[in-house]
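Undergrad: Take 1 as the starting number for the sequence shown in full-length UniProt numbering and just add one per residue.
Note that these hints are calculated values from the structure, not bench results. From the three backbone atoms N, C-alpha and C, an ideal C-beta is built for every residue, glycine too. It is possible that part of the hints are untrue.
EDC-like, lysine to aspartate or glutamate: derived pairs with alpha carbons at most 16 Å apart [said to hold, decoys possible]: (1) LYS143 <-> ASP191; (2) LYS143 <-> GLU107; (3) LYS80 <-> ASP60.
Label pairs and their calculated CB-CB ranges [said to hold, decoys possible]: (4) LEU100 <-> LYS80: 18 to 28 Å; (5) ARG119 <-> ASP79: 46 to 56 Å; (6) ASN87 <-> GLN190: 46 to 56 Å; (7) ALA211 <-> VAL120: 38 to 48 Å; (8) VAL120 <-> GLN208: 26 to 36 Å; (9) SER13 <-> LEU114: 31 to 41 Å; (10) ALA197 <-> PRO20: 14 to 24 Å; (11) PRO20 <-> GLN195: 49 to 59 Å; (12) HIS142 <-> TYR16: 37 to 47 Å; (13) ARG119 <-> ASP28: 28 to 38 Å; (14) ARG215 <-> GLU102: 35 to 45 Å; (15) VAL120 <-> ASN221: 41 to 51 Å; (16) GLY116 <-> ALA73: 15 to 25 Å.
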Amino acid sequence: MARGAVISCRHLSKIYTQGPQQVEVLTDINLNVMPGERIAIVGSSGSGKTTLLNMLGGLDMPSGGEIDVAGQALSALSDKERGLLRNRYLGFVYQFHHLLGEFSALENVAMPLLIGGARVADARDRAAELLRRVGLQHRLSHKPAELSGGERQRVAIARALVASPRCVLMDEPTGNLDRRTASGIHELMQDLNQQLATSFVVVTHDEQFAASLDRVLLLNNGCLQA
1 MARGAVISCR HLSKIYTQGP QQVEVLTDIN LNVMPGERIA IVGSSGSGKT
51 TLLNMLGGLD MPSGGEIDVA GQALSALSDK ERGLLRNRYL GFVYQFHHLL
101 GEFSALENVA MPLLIGGARV ADARDRAAEL LRRVGLQHRL SHKPAELSGG
151 ERQRVAIARA LVASPRCVLM DEPTGNLDRR TASGIHELMQ DLNQQLATSF
201 VVVTHDEQFA ASLDRVLLLN NGCLQA
């Protein structure tokens, strides 16, 4: 593990069994994500980008190799311990926002803090602050169905950042948004990166957005290339 890395993986591989065949999706992946670093992972559909992102976040385990998050080896942790580690150190944003429809924007954003054991009042105050940062201070009580696509994605980003994670993993975070809204989300991410020194690892097909980040890595034939 590189000294000080937020996420580090060494010789990572992933093999799926399909009937009598074994398909190696990822081969000997080595990656260090440093504090405040913004990394884009690009590649064709089906190349394993989402699989890699899920493994970096401990949502899926590798077939071989090691992953450390905040200096802790995921392979040495139980499912519960990995969940606690994710809640403390990582944030997640997906192409589909995965907000809970029965809860308000404020409640959705506060959820990770409440799961982590924060006091309700503190969680609500922190959630309101993050929603203000993403320009949604006037939408605190609105439920997802009452928000636009861009607003819902801003809520999802606020939720990912509310616990001050060291790294946010993003899977096509603006893939379903129009260009203008997507551009606003990109600018917001860069502002929050500068303000909070949070690392971002972003899977994207948006070449222009990828080029604006610190590093662009290509996932091709199971291998990660600079």
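Undergrad: Each of the hints needs a verdict: does it hold here or not?
TA: Hints, verified against the model:
Only pairs whose Cα atoms come within 16 Å are accepted, and LYS143 paired with ASP191 is rejected, the gap being roughly 26 Å. At most 16 Å may separate the alpha-carbon atoms for a hinted pair to count; LYS143 and GLU107 meet this at roughly 9 Å. With a C-alpha separation of about 14 Å, the suggested pair LYS80 and ASP60 falls inside the 16 Å cut-off, and the hint holds. Range check, LEU100 to LYS80: about 22 Å between beta-carbon atoms, so the 18 to 28 Å window is met.
In this structure the hint that ARG119 and ASP79 lie 46 to 56 Å apart at CB is violated, the actual value being about 26 Å. Take ASN87 and GLN190: their Cβ atoms lie about 25 Å apart, and the range 46 to 56 Å is violated. Judged by the Cβ atoms, the range 38 to 48 Å given for ALA211 and VAL120 holds: they are separated by roughly 42 Å. At about 41 Å, the CB distance of VAL120 to GLN208 disagrees with the hint of 26 to 36 Å.
For the pair SER13 and LEU114, the supplied restraint of 31 to 41 Å holds, since their beta-carbon distance comes to about 36 Å. For ALA197 and PRO20, the hinted distance range of 14 to 24 Å is not satisfied, since their beta carbons lie about 49 Å from each other. Evaluation of the 49 to 59 Å hint for PRO20 and GLN195 yields a pass: the beta carbon distance comes to about 52 Å. Between HIS142 and TYR16 the beta carbons are some 41 Å apart, a value that agrees with the proposed interval 37 to 47 Å.
For ARG119 paired with ASP28, a C-beta distance near 45 Å fails the hint of 28 to 38 Å. The given range of 35 to 45 Å is respected by ARG215 and GLU102, whose C-beta atoms sit roughly 39 Å from each other. Range check, VAL120 to ASN221: about 49 Å between beta-carbon atoms, so the 41 to 51 Å window is met. For GLY116 and ALA73, the Cβ-Cβ distance of about 21 Å falls inside the hinted range of 15 to 25 Å, so the restraint holds.
Hint check: violations occur at hints 1, 5, 6, 8, 10, 13; the rest are consistent with the structure.
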